[in-house]
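Trainee: Need the complex rebuilt from these two chains, each delivered in its own frame; the hints are there to steer you.
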Amino acid sequence: MNERVIAVVTAGLTTPSSSRLLADQLSAAVADELSGRGITSRTETIEVRDHAHDLTNNLLTGFPSAELREVLETVESADALIVVSPTFSASYSGLFKMFFDVLDDQALAGKPVLLGATGGTERHSLVLDFALRPLFAYLKALPVPTGVYAASTDWGPNAAGLRPRITQAASELVAALHHETPTKADPFTNPTPFADLLNS
Amino acid sequence: MQFGVFSVGDVTEDPTTGVTLSEGERIKAMVAIALKAEEVGLDVFAQGEHHNPPFVPSSPTTQLGFIAAQTSKIILSTSTTLITTNDPVKIAEDYAMLQHLADGRVDLMMGRGNTGPVYPWFGQDIRNGIALAVENYALLRRLWREDVVDWEGKFRTPLQGFTATPRPLDDVPPFVWHGSIRSPEIAEQAAYYGDGFFHNNIFWPITHTKQMIELYRRRFEHYGHGAADQAIVGLGGQVFMRKNSQDAVREFRPYFDNAPVYGHGPSLEDFTRETPLTVGSPQEVIERTLSFREHFGDYQRQLFLIDHAGLPLKTVLEQLDILGEEVVPVLRKEFAALKPAHVPDAPTHASLKVAAERARALETIEEPAVVAEPTAEEPTR
Ligand SMILES: Cc1cc2nc3c(=O)[nH]c(=O)nc-3n(C[C@H](O)[C@H](O)[C@H](O)COP(=O)(O)O)c2cc1C
Chain A
1 MNERVIAVVT
11 AGLTTPSSSR
21 LLADQLSAAV
31 ADELSGRGIT
41 SRTETIEVRD
51 HAHDLTNNLL
61 TGFPSAELRE
71 VLETVESADA
81 LIVVSPTFSA
91 SYSGLFKMFF
101 DVLDDQALAG
111 KPVLLGATGG
121 TERHSLVLDF
131 ALRPLFAYLK
141 ALPVPTGVYA
151 ASTDWGPNAA
161 GLRPRITQAA
171 SELVAALHHE
181 TPTKADPFTN
191 PTPFADLLNS
Chain B
1 MQFGVFSVGD
11 VTEDPTTGVT
21 LSEGERIKAM
31 VAIALKAEEV
41 GLDVFAQGEH
51 HNPPFVPSSP
61 TTQLGFIAAQ
71 TSKIILSTST
81 TLITTNDPVK
91 IAEDYAMLQH
101 LADGRVDLMM
111 GRGNTGPVYP
121 WFGQDIRNGI
131 ALAVENYALL
141 RRLWREDVVD
151 WEGKFRTPLQ
161 GFTATPRPLD
171 DVPPFVWHGS
181 IRSPEIAEQA
191 AYYGDGFFHN
201 NIFWPITHTK
211 QMIELYRRRF
221 EHYGHGAADQ
231 AIVGLGGQVF
241 MRKNSQDAVR
251 EFRPYFDNAP
261 VYGHGPSLED
271 FTRETPLTVG
281 SPQEVIERTL
291 SFREHFGDYQ
301 RQLFLIDHAG
311 LPLKTVLEQL
321 DILGEEVVPV
331 LRKEFAALKP
341 AHVPDAPTHA
351 SLKVAAERAR
361 ALETIEEPAV
371 VAEPTAEEPT
381 R
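Residue numbers (the working numbering), protein chains in the order written: chain A, 1 to 200; chain B, 1 to 381.
Hints should not be assumed to be uniformly reliable.
Here are the simulated lysine to aspartate or glutamate pairs, DMTMM-like style, with alpha carbons at most 20 Å apart [as the list claims (entries may be wrong)]: (1) A/140 to A/105; (2) B/210 to A/186; (3) B/210 to A/73; (4) A/97 to A/67; (5) B/73 to B/103; (6) B/210 to A/196; (7) B/353 to B/363; (8) A/97 to A/32; (9) B/210 to A/67; (10) B/314 to B/25; (11) A/97 to A/76; (12) B/154 to A/196.
With beta-carbon atoms standing in for the labels, derived distance ranges [stated by the list, open to error]: (13) A/37 to B/254: 32 to 38 Å; (14) A/189 to B/158: 36 to 42 Å; (15) A/16 to B/251: 43 to 49 Å; (16) B/210 to A/152: 27 to 33 Å.
Only part of the chain A face toward chain B is listed, based on derived beta-carbon distances under 8 Å [said to hold, decoys possible]: (17) 63; (18) 191; (19) 192.
No lab work stands behind these hints: they were computed from the structure.
Idealized CB from N, CA, C, for every residue including glycine.
Extracted from the complex, chain B is given alone in its bound form (with noise of 0.2 Å):
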């Protein structure tokens, strides 16, 4: 099991401080969080990509790309990458360079953005969402697996004859997560290539996450990639901790009731309850992620966001400090324990290479087959 942190990259005023960073010292904050995120033993660092303030992270391969310089073990991962505004043979030249220079330690998560204005920017209509979710990615797979594209659909200008550069690290294309909040295409979408699920169900309650992670499951198994409790899901998480928990709900209360997205809303109580937001004890901590085991099956990486609403970087380092000290090392132990055999891991760079040249020892020996993507008639894996 893959554990992690992700960034919004929001700027944002701190409410108890009247403190607002400007945007480069937020960039360089998130780049100390990945860092540290690295230091104390977690797997994935993933951030966001947006194009309005108050974010910050518009171009997300700069900044992977320099954090992956000063890091040797960590994943890095985005948390969404916009499969509709960005061209496809973009984002597939972007994160295979980024591929070649953190040696493999790039995955992907897939979000259609949830900014209206942000799709005219890009010259697309935000009714459009989904179908260009669904053709810019079926475009991109294309992109990395193919060496030479011929190419042709709705939303693009065609191609002939295009090979995107550089070619993916060990001709191995990053393994790619689809991130979805309420669209049961985005389910359906993931389990038909045998991608990854994220649910990003942190301002959600666990009644519909469960219907979306079930769903996909469900999917999974019907297009043959395996059965639905080997699929790969992805969850999000909130949490905010000090060793007392009522010290971590007076702290974190502030942050909460000033918060983009719930702030002036349903009181602290209310949104711990219906959501995975967790602020309290480090045991609280273990003990709500691990029942998230218990509503959505084995899965295979969380995610916390810890570093919104103005949060001071050294309170956020300080909660990686908790995390990397006193949960993770109990949610690993405890999940690998509860983790039946044939439920699998989250592909890496390695496991996908040497399932590749397993496949390619195979194609050798039976006759020469050619690798198609799966057609709706007949799934493969």
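Next comes chain A alone, as it looks inside the complex (with noise of 0.2 Å):
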């Protein structure tokens, strides 16, 4: 089979940062479960704090610049999603969800996406299915029903507790892949004819 894209956009801010470290185990474990399964698969990490300027230009000016151009198209033309945004209060960060702004809307559609959140307190994990998962739900995209959230206390001696939802996600994410995504109209290769434009 062929390679398989994986684009994971990560939102954190600190450095070190525990969004990216989420995201890297997240990676690394769909990475593997792909080369169990015998499929090759190549990953391209996002940091959107990496893009922060360009995506409040592109707000402003309704454009990307050329290099964010090509970061959204990696979103857009990956297998798979995986997205991890650090909890600010009670729900995803602004930046990361100028990301999925700035996004075309129909990019993700038909895309399987793995949730991730990371946040000062465990007490918020709702964030994924209150806060992620609704996003993700309108723009089409398929959410794994698994999502991980790290608080600062998973980082600890309790680190090997995430590792089953990790693997589980993991697993529901390849899972997914099989999956065909539709294939999007492009209105420049096949315009609309003009009859069906003036008949409408």
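Mentor: Rendered as structure tokens:
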């Protein structure tokens, strides 16, 4: 089978970033799961922080810079997506949301997505299901049932506790991969004929 | 190749002086810019249409008529005429009237308008933007081409036995450009009718503009109006020039940083790289403009935006002097030398009149044919 491309969008702000840490663990688990099934894969990791200015500019001017355009295209053309947002004020961070505001609203249609979030307190783990899941439902993506939330306490002696969730989520994402992504109509290759525009 | 300027008609504070023109001053400044454009030898003056502050030009034919009375050569055009929210009957009448007054020095650029609230003010809904552009323009074409029109559509009261007056000058409707930024449907519309396609690329990267123009050219050929490289293409541009490049950058930066649309966003340098904006010496503008041809093919009309973001009239008139003396003469020569013979110029009233007379002469020789709209099945020139 062809090489699968997994895009990883992580929106941590600090260095080292716990969101990046989680993103790396998730993408390693997905790659393992794929290679276990004899499928080669490539991971493209995108730190949203690196594109913070370009995202703002895109919101103001209506178009992405050349560099940001490449990043958006990477996400759009990937076979599956892993996303990780830090929890800010009980939701995804503003920067994380900006990335998906700028992305074409059809770009993720039919794409399997693994939802991840980090936070200061484990009491906010429902951010996955109350904030991230509706966003990706709106974008017509296919978020897998298991999301992974890591609070500060999950990085200490409890770290092993996250493992089963990570493995579960990774195997769900790989299972979802077998779905064919619906082909998107390209209005430049196949424009709506004018007769149809006139009669619609 | 035609060169000109297009004005949005914004009233914006000059960020370097804090001066904001009154509406009256801005309207008169636009007139002064148009007159100067003719004086320095440009071919086209186009102006926007807006119905909300901070823009002044709500009534383009009033203003263009006033300019027509004081000019004799320059083509008066729009950038754009709101085909979505204006009644096509009124557009047909206003611009036929202007044609007579301006002795045919009139064409139009259709646009949908990107200001959401304008639609409900005129009883429309922005979600019907494309459908309105398609239906209204189809009616407008008939009003100009048929003396008596029976018509029924979705968006306007039906017409029975209606005649738009005055009839177009010499029975030749004004040439129409379809202005577009992101809608492939509008490229398709322009191609279907064999009209001009103007991509307002001033805020957009080349990759996108290229995609739109290539679509228009391909479909123009598909509908039988000629080869793809014979399609009628217009482009925007945005320039600010001084003899020394650094002086241009220094003087323009505060206007850029505070401009409506892109102000407080990307840096001048980033925006210059990504979009057609060129701030520098006349030579840099010449080189940049010539590079458009390499990306988009031979094209027929180049309009520059030079008067927005609060730039004072005196500065704008200086920019026109530089365009007229140093930039456009060189561009005319260079573009003409590069253009193959089979690529047509932009249609004008005179060329359309000749073509119409020739078509009529052919008709009387052959059997009398009905002059009809191209149908989807069998496109005609
Ligand atoms: C403005 C702000 C708001 C935050 N709000 C929350 C919150 O509501 N719940 C939570 O668990 N953590 C909250 N945090 C903590 C971050 O979610 C946590 O530090 C995160 O894991 C940092 O990720 P990073 O290391 O990848 O940057 C907040 C942090 C900031 C800066």
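Trainee: Look at each hint and say if it fits the structure.
Mentor: These are the hints, each one checked on the structure:
| no. | hint | result |
| --- | --- | --- |
| 1 | A/140 to A/105 | 8 Å, holds |
| 2 | B/210 to A/186 | 15 Å, holds |
| 3 | B/210 to A/73 | 18 Å, holds |
| 4 | A/97 to A/67 | 19 Å, holds |
| 5 | B/73 to B/103 | 10 Å, holds |
| 6 | B/210 to A/196 | 24 Å, violated |
| 7 | B/353 to B/363 | 15 Å, holds |
| 8 | A/97 to A/32 | 29 Å, violated |
| 9 | B/210 to A/67 | 18 Å, holds |
| 10 | B/314 to B/25 | 13 Å, holds |
| 11 | A/97 to A/76 | 16 Å, holds |
| 12 | B/154 to A/196 | 15 Å, holds |
| 13 | A/37 to B/254: 32 to 38 Å | 59 Å, violated |
| 14 | A/189 to B/158: 36 to 42 Å | 38 Å, holds |
| 15 | A/16 to B/251: 43 to 49 Å | 45 Å, holds |
| 16 | B/210 to A/152: 27 to 33 Å | 49 Å, violated |
| 17 | 63 | 6 Å, holds |
| 18 | 191 | 5 Å, holds |
| 19 | 192 | 6 Å, holds |
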